[in-house]
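**Student:** Chains as they are written, first to last, in our numbering: chain A, 11 to 301; chain B, -17 to 254.
Keep in mind that the hints were calculated from the coordinates and are not lab data. Positions of the beta carbon are idealized from the N, C-alpha and C atoms, including for glycine. Be careful, since some hints might not be right.
What the hints assert, rightly or not - Distance condition first, Cα-Cα at most 25 Å in a straight line; then the derived SDA-like pairs of lysine to any residue:
id: 1; chain 1: A; residue 1: K194; chain 2: B; residue 2: A(-4)
id: 2; chain 1: A; residue 1: K194; chain 2: B; residue 2: L(-5)
id: 3; chain 1: A; residue 1: K194; chain 2: B; residue 2: A(-9)
id: 4; chain 1: B; residue 1: K45; chain 2: B; residue 2: W26
id: 5; chain 1: A; residue 1: K194; chain 2: B; residue 2: G(-11)
id: 6; chain 1: B; residue 1: K45; chain 2: B; residue 2: P235
id: 7; chain 1: A; residue 1: K194; chain 2: B; residue 2: L2
id: 8; chain 1: A; residue 1: K194; chain 2: B; residue 2: G143
id: 9; chain 1: A; residue 1: K194; chain 2: B; residue 2: R(-1)
id: 10; chain 1: B; residue 1: K45; chain 2: B; residue 2: P234
id: 11; chain 1: A; residue 1: K194; chain 2: B; residue 2: A245
id: 12; chain 1: A; residue 1: K194; chain 2: A; residue 2: F180
id: 13; chain 1: B; residue 1: K45; chain 2: B; residue 2: V19
Unchecked claim - Not everything, but these chain A residues come out facing chain B in the computed CB check (under 8 Å):
id: 14; residue: V33
id: 15; residue: P121
id: 16; residue: W175
id: 17; residue: R293
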Amino acid sequence: MSGRAHQDASRGGLVGVLLALIVAAPVLAGIGYAAAASAGILGASADGASTARITRVLRDPATWSGFVWSITVAAMATGIATFAAVTAAVVFRGSRLTDRIGLALAALPLPLPQLVAAALGVWVLGQSGLLARLAFAGGWISAPSDMPALVYDRWGVGLVLTMAWKETAFLTVVASALLATRTKAAEDAARTLGANGWATFRRVTWPVLWRGLMPAVVSVFIFVAGSYEAAVLLAPSAPLALPLAIADRAADPNLARRGDAYVLTLLLLGMALVAVAAHEWARARWEPLAE
Amino acid sequence: MNTGVAGTASRSLASLRAVLLVLFALTSIGPLLVLVVQSLGGAWFFPALFPEHWTLGAWNLMKSGDALPGALGTSVGLAMATAIVACTVAIPLGRALARLRGWPRHVAAAAAFLPVAAPPLALGTGLQVMLIGLGLGGSAAGVLIAHSVPAIGYLTLLFLGTFTVFDARVEDESRTLGATRAQTWRRVTLPLLRPQIAEALIVGFLVSWTQFALTLVVGGGEVRALPLEVFAYVRAGQDQRAAVGALLLVIPPAAAFVWLRWAARRTVVPFS
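Okay, chain A solo, but in the shape it has when bound (with noise of 0.2 Å):
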């Protein structure tokens, strides 16, 4: 490349990555101003330059086991997700007419927005819903209250299946396009050289479908870790999963403490930043296959 074309693609490069940044910068604005908040400087609790509320909010245990429930709920979800929408994506991969129907009905729950997806996981798993109605209708419980509280329950097992139900969909739309259009060349070659259908999946199938599912799966935890309506349909009050700490702290009667919300925000922004990052070096190891 001469110095002049050299030159001319980095400041290309420049103008491309300053107009990203202008997509990025609702979002880096307000990183900035909740940690300007967080800091006392900005707000309506803003009481001068201090990292005071910053070093409260982070040594309450609270906070950190709302962190850490969060987190584990959302890779509970997406971990029962992947598992489901691989095997459902490598069972029906076929062209017969059951396989078409496998994967329609596992793909169903797709166009349900998370607010709907949530409703339906407290109508069908609440203690008088669809699951406790036909366990009564079965003998097992004579009562709602028999009924294992799979909804505000402190496992999140009502936020866990229903997230995990809803992404299914998605996972096994992306898995099957993969498996249709991107291993079937590799796995023709290794049947060839003998492997047996085990090693092709182990060997070829599975290595070329995690890399490319990777970048969906990383979206899908931070879907599910920062849903807020999920969340307040489907979560207990203790722990406080994230995104309910930060309304609660936001709706604080004691004002003092509404800027709490702004540490807690930046938690769950980092936790996005870091998705992020995953996710570009998940789609930079897709990118070269993908070609």
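Following the hints, put chain B in place on chain A, whose structure we already have.
**Tutor:** Same frame as chain A, now just chain B:
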């Protein structure tokens, strides 16, 4: 022996396929049926498996002065405006980013993904202050701006993908034949990109359509979009109205899903 092993494996796979088919049928159709039955059922108390009677009462509220029709109109208006704003911004951005190579491309893609990944509540908390400063807090215009932030992120990524494989030589040929930039855009680029733009408008519409936390935080409860009404009904235990609202929320994404699958099958690829 090998035939025996292969036969056993094949039978196991067939059994697994049958089990999964039943499982997905129950878990996918069952909850959706609950939604439909809930919207058409009268009193439906534990332990009844079906409502005591059937009624169109909640659906008839759509014809009256209930909150749902107004919320539906607000959501449709916001979603259409968001789709147009986001598409207008994302097309040139996506095109500019698609020209990048190496680390600038990674930084740009990550920057475009940031508003998509940022949890709406956290995003709203930051945006709310700025929009209040601009006098747009609690207004539909403020909510439109807020919805446009993640929508632009989604659509920029979409057009980044589109323009990465777009063959710009057809534009060069058009310019060589004497067309102006505007003519080339209108007569060559736009017709080639029509399916992608239609897809982007749908995605932009749906990003706004499903927003709950951003509308709540930035709209301050003043902008009553459909998700807010559905949420209020669920919390208040007005399940019948909530189910009607929820079904209304599901219709556009479901229609879009069907259309996108249909369009994907018949798209003629005009790209390299």
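**Student:** Hint by hint, note whether the structure agrees.
**Tutor:** Comparing the hints with the structure gives:
| no. | hint | result |
| --- | --- | --- |
| 1 | A:K194 x B:A(-4) | holds (21 Å) |
| 2 | A:K194 x B:L(-5) | holds (19 Å) |
| 3 | A:K194 x B:A(-9) | holds (21 Å) |
| 4 | B:K45 x B:W26 | holds (24 Å) |
| 5 | A:K194 x B:G(-11) | holds (23 Å) |
| 6 | B:K45 x B:P235 | holds (23 Å) |
| 7 | A:K194 x B:L2 | holds (23 Å) |
| 8 | A:K194 x B:G143 | holds (23 Å) |
| 9 | A:K194 x B:R(-1) | holds (21 Å) |
| 10 | B:K45 x B:P234 | holds (20 Å) |
| 11 | A:K194 x B:A245 | holds (24 Å) |
| 12 | A:K194 x A:F180 | holds (21 Å) |
| 13 | B:K45 x B:V19 | holds (20 Å) |
| 14 | V33 | holds (5 Å) |
| 15 | P121 | holds (3 Å) |
| 16 | W175 | holds (6 Å) |
| 17 | R293 | holds (7 Å) |
Of the numbered hints given earlier, the model fails none.
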